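Undergrad: Below are the chains, spelled out letter by letter.
Number of protein chains: 2
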Amino acid sequence: MTMAKGYAAQAADAPLEPFHFERRALRPGDVAIDILYCGVCHSDMHTARNEWHNSRYPVLPGHEIVGRVAAVHPDAVKYKAGDMVAVGCMVDSCQQCRECTAGYEQHCLRGATLTYNSPDRVTSDITFGGYSDHIVVREEFVLRVPDGLDPMRAAPLLCAGITTWSPLVRYKIGPGTRMAVAGLGGLGHMGVKFGAALGAHVTMITTSPEKGEDARRLGADEVLLSTDREAMKAARSSFNFILNTIPVAHDLHPYLQLLAREGNMVLVGAIEPLPPIHGGMLIGGDRSIAGSAIGGIPLTQSMLDFCAEKNILPDCEVIPIQAINEAYERMLKSDVKYRFVIDMASLAQEKAAA
Amino acid sequence: MTMAKGYAAQAADAPLEPFHFERRALRPGDVAIDILYCGVCHSDMHTARNEWHNSRYPVLPGHEIVGRVAAVHPDAVKYKAGDMVAVGCMVDSCQQCRECTAGYEQHCLRGATLTYNSPDRVTSDITFGGYSDHIVVREEFVLRVPDGLDPMRAAPLLCAGITTWSPLVRYKIGPGTRMAVAGLGGLGHMGVKFGAALGAHVTMITTSPEKGEDARRLGADEVLLSTDREAMKAARSSFNFILNTIPVAHDLHPYLQLLAREGNMVLVGAIEPLPPIHGGMLIGGDRSIAGSAIGGIPLTQSMLDFCAEKNILPDCEVIPIQAINEAYERMLKSDVKYRFVIDMASLAQEKAAA
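Read top to bottom, the protein sequences are chains A and B. So in our numbering, spot 294 of the first sequence is number 1191, and the numbers just go up one at a time. So in our numbering, spot 314 of the second sequence is number 1211, and the numbers just go up one at a time.
Next comes chain A alone, as it looks inside the complex (with noise of 0.2 Å):
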């Protein structure tokens, strides 16, 4: 029996702390994975929290996770020992299902195992995510980490990456589309490096000046303040396409104003009840309100080959696993730029426990 280490919470009111467990044996396909690098999401917080109301505990949180293939198991054959490769936010899935299929596990129609506080398909035991050493995943759900491609900087592709690229790609975001982002943070900030990197032209919609003048930075063309009321109203009508990653639920109209005709709002953070919509706003404007969730592992491949070819990646912010808890109460405060990756060396400074 081999035991692995990581940073869990025992309790929707506790911190996470350091945390043992046994490491899952090699089944036929697995990857064993030594973790390098974890990305911090809303999610992991949300989860550990219990804010979602589906927790069970212990929560070992993280799904941006970059590392290296430790063992495969002989029936594997995609990987090797030594490989850089990542696993974003699921670890399994019915792999038959039309969904599953076509390459979007993340709808599987039987529901996909989730890489943190699911319960395992086999075993029923609840998975554990990136805030440890050491993962276990079977080879479908392992992606490449191509050769130039900074491991570290990596990490957050698998997540606030796939996000807001996959409705970038559905909706064929390019050359002559009008685009906007609304939420400045790890996604939003992706939103913006996206678009610009496909030729888009982009808006930041922002309530600070810094933050647009930061959006500038990441590639954002224009800046548009949200509390400029002349400036909304000037602006109404005139985007074809808003990414929306603000994270928690907000009035939808101001934004969905700003809609061209045909123009869709896709959102990727707010998973709450939204504030009522009036039919007349989607109906006078031929505008659509849209949701996205993560990406299927072929888009996500895709995306990591994207990212290495053009040269893009998340700016970051590396924390050592003990500074976790502080990580949370600053991403409250949106007081990251633009994503927490932990740098999984520091869980060796941890003394040993059982």
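If you're looking for bench data, these hints aren't it; they were derived computationally from the structure.
So the derived label-pair ranges between C-beta atoms look like this:
no., chain 1, residue 1, chain 2, residue 2, range
1, A, ARG1067, B, ASP972, 43 to 53 Å
2, B, TYR954, A, ARG1126, 28 to 38 Å
3, A, LYS1069, B, ALA999, 17 to 27 Å
4, B, ARG1133, A, ASP1017, 18 to 28 Å
Rough simulated footprint, nothing fancy, chain A against chain B, three-plus residues with beta-carbon under 8 Å:
no., stretch
5, 1001-1007
6, 1154-1164
7, 1170-1178
8, 1182-1188
None of these values were measured; they are calculated from a predicted model. Even glycine gets a Cβ: it sits at the ideal position worked out from N, Cα and C.
Given the coordinates of chain A, assemble chain B onto it according to the supplied hints.
TA: Just chain B, lined up with the frame of chain A:
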């Protein structure tokens, strides 16, 4: 000075009664039309009763108009006396903005002039609609009724028809589309007919088995009873497209659940504040909700041509103008299959008054 006759409401709580008004003199490009038939739309009743809080009395409704050209201004080139023509929800727009020049006059950036209850662009007089023996409209907003299309049954195509046709075209509905229609009234029954004519697999979602049988007669392949919990559960994630014609605010969740990945539900009726939607319902399935408002003049003409070619016509009940107030009450009870059309010859029976 030549007078015209019609039926108008003088106040929100008043019934529609005989009304006489001065005909508009022909301006350059104008077409004068003797009205033969006018369909009865929910919007007519909403406006007559000031339910949208924007009515200016007297309100003379009607925007599903078919008639014969009586005269044209010497500058007008598209029509000549005797032509069978139609007028829908709009009678004017700026004709210069990007929406007008693209053929989406209903989204004119300066505001389209509606057929009734809207200020004329030249005189600012409030427009009078089709519950009348006469209307004058600039030729750009006059449609040609193709030979072979029954003029009486063509009338509802001008609103109920184009309102449902437009989103089917926008979302490229055709063979391979698993489409559902919610709400079986004037709009919904055209949605079923159009969906079937375009080759989609059409399911009628309704509360009543009787309406379901009717929908099959209209062309639906299947019926889904929204009151049948098991059937609704089994139908989850199964439709690519839902045409939601329900004309009042309602909980959208039971319908959103039925959408497959990247499925769209288009609202065409509920111009009201909608009950809150949970963001997860959109995000979880990459779903979207859109709105759609009538259609532009080029699309309306091509719909009329399509209907003539394929012999697609609304199911109508012809009434005399004197029955209009009773018709509104029956419409409220959904007691019409599926659209009232006023035979304007009945207006000649009214005694002349001043």
